[in-house]
Amino acid sequence: MDEKLATKLGILADAAKYDVSCASSGAPKRKAGKNGLGATAPSGICHAFTPDGRCVSLLKILLTNYCLFDCAYCINRRSSNVPRARFSVEEVVRLTLEFYKRNYIEGLFLSSGIARSPDRTMEEMMRVAKTLRRVHGFRGYIHLKAIPEASPWLIEEAGRYADRLSINLELASGASLKALAPEKNDRTITEAMGQMHERILEARDERRRFSPAGQSTQVIVGADDVKDAAIIRASARLYDDYALKRVYYSAFSPIPEASLLLPAKAPPLRRENRLYQADWLMRFYGFSADEVAESGEDGMLALDVDPKLAWALKHRERFPVDVNRAEREMLLRVPGLGQRAVERILTSRRHQKLRLPDLARLTAGLKRALPFLVTPDHRPVSLIDRLDLRQRLAEPAQQMSLF
Amino acid sequence: MSRVRIDMKAGADLDGFRRALRIFVRDRVAPDDVVFAAEGVQDLFGAPLAGEAPPVVLPRAVTRLIADVVCHRDHERYGLLYRLVWRILKGERGLLEVASDPLVYRLARMQQEVRRDIHHMHGFLRFRRVVTEGGVTEGETESSGIEEKERFVAYFEPVHFTLAAAAPFFAERFANMAWSILTPDGSLHWDGKKLVEGPPARRDPAAAGDGFEEGWRTYYAATFNPARANPKLMAQHMPRRYWADMPEVAAIPELVSFAPVRVREMIAREAAASPKRAPEKALQKMREGRPKSLQDLNALIAASEPLVSGAVPGATRAVLGEGPLDADIVFVGEQPGDQEDRQGRPFVGPAGQLLDRAMAEAGIDRGSVYLTNAVKHFKFEMRGKRRIHQKPTLSEVKHYRWWLMAELEFLSPRLVVTLGGTAALALSGRQVSVTKMRGRQEFPPFAGFLTVHPSYLLRLPDAEAKASAYCAFVDDLRQVREIAGERLKAA
Ligand code: SF4
Chain A
4 MDEKLATKLG
14 ILADAAKYDV
24 SCASSGAPKR
34 KAGKNGLGAT
44 APSGICHAFT
54 PDGRCVSLLK
64 ILLTNYCLFD
74 CAYCINRRSS
84 NVPRARFSVE
94 EVVRLTLEFY
104 KRNYIEGLFL
114 SSGIARSPDR
124 TMEEMMRVAK
134 TLRRVHGFRG
144 YIHLKAIPEA
154 SPWLIEEAGR
164 YADRLSINLE
174 LASGASLKAL
184 APEKNDRTIT
194 EAMGQMHERI
204 LEARDERRRF
214 SPAGQSTQVI
224 VGADDVKDAA
234 IIRASARLYD
244 DYALKRVYYS
254 AFSPIPEASL
264 LLPAKAPPLR
274 RENRLYQADW
284 LMRFYGFSAD
294 EVAESGEDGM
304 LALDVDPKLA
314 WALKHRERFP
324 VDVNRAEREM
334 LLRVPGLGQR
344 AVERILTSRR
354 HQKLRLPDLA
364 RLTAGLKRAL
374 PFLVTPDHRP
384 VSLIDRLDLR
394 QRLAEPAQQM
404 SLF
Chain B
605 MSRVRIDMKA
615 GADLDGFRRA
625 LRIFVRDRVA
635 PDDVVFAAEG
645 VQDLFGAPLA
655 GEAPPVVLPR
665 AVTRLIADVV
675 CHRDHERYGL
685 LYRLVWRILK
695 GERGLLEVAS
705 DPLVYRLARM
715 QQEVRRDIHH
725 MHGFLRFRRV
735 VTEGGVTEGE
745 TESSGIEEKE
755 RFVAYFEPVH
765 FTLAAAAPFF
775 AERFANMAWS
785 ILTPDGSLHW
795 DGKKLVEGPP
805 ARRDPAAAGD
815 GFEEGWRTYY
825 AATFNPARAN
835 PKLMAQHMPR
845 RYWADMPEVA
855 AIPELVSFAP
865 VRVREMIARE
875 AAASPKRAPE
885 KALQKMREGR
895 PKSLQDLNAL
905 IAASEPLVSG
915 AVPGATRAVL
925 GEGPLDADIV
935 FVGEQPGDQE
945 DRQGRPFVGP
955 AGQLLDRAMA
965 EAGIDRGSVY
975 LTNAVKHFKF
985 EMRGKRRIHQ
995 KPTLSEVKHY
1005 RWWLMAELEF
1015 LSPRLVVTLG
1025 GTAALALSGR
1035 QVSVTKMRGR
1045 QEFPPFAGFL
1055 TVHPSYLLRL
1065 PDAEAKASAY
1075 CAFVDDLRQV
1085 REIAGERLKA
1095 A
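So the protein lines, in turn, are chains A and B. Under our numbering, the first residue of the first sequence carries the number 4, and numbering increases by one thereafter. Under our numbering, the first residue of the second sequence carries the number 605, and numbering increases by one thereafter.
The set of hints was computed from the structure by calculation and includes no laboratory data. A few of these clues could be false.
[Unchecked claim] A few chain B residues that face chain A, going by a derived Cβ cut-off under 7 Å, partial list only: (1) Pro663; (2) Ala703; (3) Arg777; (4) Thr827; (5) Leu837.
[What the hints assert, rightly or not] Stretch-level coverage of chain B by chain A, calculated; a stretch enters the list once three of its residues show a Cβ under 8 Å from a Cβ in chain A: (6) 720–730; (7) 841–852; (8) 1068–1079.
Glycine residues also receive a C-beta, built at the ideal position from the N, C-alpha and C atoms.
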């Protein structure tokens, strides 16, 4: 690879790393055609992990980090003093193909600053996807971060080549958006999301190809003073209204030359983590947004315990639960029991009465679950009433970031 | 009963195990009485087995488990599997569901370890491009497929005997590429058509790098966020045993040790934020990005691909609207037809000619109105040599709605006349019944009028119905003229 291209790659990958929605899952299963390259795996594949513990699955880059806008939380904003670069369509195509052939990546995640105009930028992104598919028969994963300010028909066309389109909500409240991203408009963003949702549904009805892996969004946490409860409720609304596949949370990172409007330090990564856990509870464990939101105090999720445990501690009257008799819904609410463990319990107990040694083989979270469970050889009567139960179950209070 | 012995091949010997299983089941040999001897193991008691036996019927989940577990490196694997099968055949049909059973638990763990190993190979294996200059690469037997100029070669050390199980993934993904995977247990070579087995290999210390490895390292380093360094988590996901063959990990030590410094620098630089420039400029650019005239919009539409499904045989070109820009009345049809598509002009086919006639009778000058379509591309199906019109779907109509609305905004007519249900749908956004809604309509922000599409008149079978429908249509057009005239006066 020539040096100029490598320099650009360094700049434009660096600028893209704050975007966390980089999973490659959810695409329809595809194999390489006769003259094509690439396939998709049902759950995506991580090809490497970076020293921040995050997975590298896609070539995640910006088309350009020039931007006309000046969003305070963004490293690419107009007033930021970072080195700038711009890829050509052909360069992105080439990088994607060459990296893909060496089994470095699952595909491409392409985002961009808004250079020249929203339409011109969106058009070039669309052309990247189109060239990969049409000219090179590429069948790997493509995720485009749509520019909500671009004309709908461009996004429309992009959706025919991408596996996933997404639009970043960035901030959970319109007021924060106004303060931190004055040129952005929350109506533009939600309208674009709504349109995208409509297109996806229609295409599914008509068996047409349009962003088959759905749409997702990203919310930055900690750049404003919006509470967790509000973020959780906003996410629940997004899942309902636009059938989003995922809402990603990104703890605001201290980025070079961040605006003076922003807090000088990053929020604990644990908060981001707790939001993800809350999100899981809603999507897979049957919790409502209100239940999750109310598991914390003052609208903030507890940091010392995960939201499921926090909920259980507040609802001790509903425990302990009999492992051999309880319904799935209630087993799913037992701290320490994951979805897989619950399924295994349900099938195993049809054949035998489960005791503690059996349970130990079914879940790795038995220790955490003990105070909430009953088995023929275990009854936690005294434990559930203990006042210090929370301290005993809380994780050691260590900060997970470098601050 | 005395013990019986069966000799297994090295590696994942699924065929060998299948054969053994059949014989043991036929002879009702208890699990305690069998010995599975790995290849090369000498001096085992018991007589080696020979011969064949009929297949054994097992639940699918069990055969899947067997296929996975035979890849495990644990030499007890065959014995454990046979124990499981024995118990199932003895009556514990649902044994595999009892995840809490110690034997099931152990085998499930082994299965999981094998699957994880396969998954790791899929993710962590790295190819290197090797130029082969027309020749056949080493390790390859007869070459049959693509003419080979380059080959991608990878060296990988799996934990278990998983090469064969992991290879189909690469064959699907890199079907059109010549590649080889070398492991200490054996190698596999793909030529575009089939997989060929080769001997075990060692890591070649002299293997040259690939021009893209440096770029990949650059990418890997750039995508790491120093403010979130967490090397422990990394090592948990990406076991060290694979690192030797992954070009990017060379960057890790430096990334980790410099992370705190980089974060301090980042924070220090915050103080030096440059002043913001006026946001108006960006918004101005956004506005400029929109088409500024009908001409701009039309250029855009003409340059775009049809927004109809690529699977449906579709239009060859966009047919744009036509007429004076200050027209009082805009007629909106459904979509161009065969003639319109060929000539690139709206309403020139049979339906258009009928519309001309009706307009003339109603006293509307065709030259004074603007004619356009809800959908800008001809959608058809080939029947023999003929292109048969196909109704656009609901969503196709909606796709074109932005263009249509933008077009109408530039024209800002006094009255929009929708010809047929599709056009009314495009303007109102809902399904509309032409018979019920025929007449004056509001299509906010436009005043409207809904009537039939002239092609409907052409399709009516008997002459009498045709004649009366035509009269009604002309009547509608007279009303249109009057309404537009009223609005003209009122304005
Ligand atoms: S528009 Fe996007 S790239 Fe530009 S400053 Fe805002 S968030 Fe950053």
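Hint by hint, here is what the structure shows:
A cut of 7 Å between beta carbons decides the hint on Pro663(B): the least distance to chain A is about 14 Å, and the hint is violated. The closest approach between the C-beta of Ala703(B) and any C-beta of chain A is roughly 4 Å, which is under the 7 Å cut-off, so the hint is satisfied. Taking 7 Å as the C-beta cut-off, the interface hint given for Arg777(B) holds, the closest approach to chain A being about 4 Å. Checking Thr827(B) against chain A: minimum C-beta separation of about 5 Å stays under 7 Å; hint holds.
Hint on Leu837(B) holds. Least Cβ distance to chain A is approximately 3 Å, under the 7 Å limit. Figure legend: the segment 720–730 of chain B, annotated as covered by chain A; annotation consistent (6 residues with Cβ-Cβ distances under 8 Å, at least 3 required). Using a Cβ-Cβ cut-off of 8 Å, 4 residues of the segment 841–852 of chain B lie near chain A, which meets the minimum of three, so the contact claim holds. Given as covered by chain A, the segment 1068–1079 of chain B fails the check, having 0 residues with a CB less than 8 Å from a CB of that chain where 3 are the minimum.
Hint violations for this structure: numbers 1, 8, all remaining hints satisfied.
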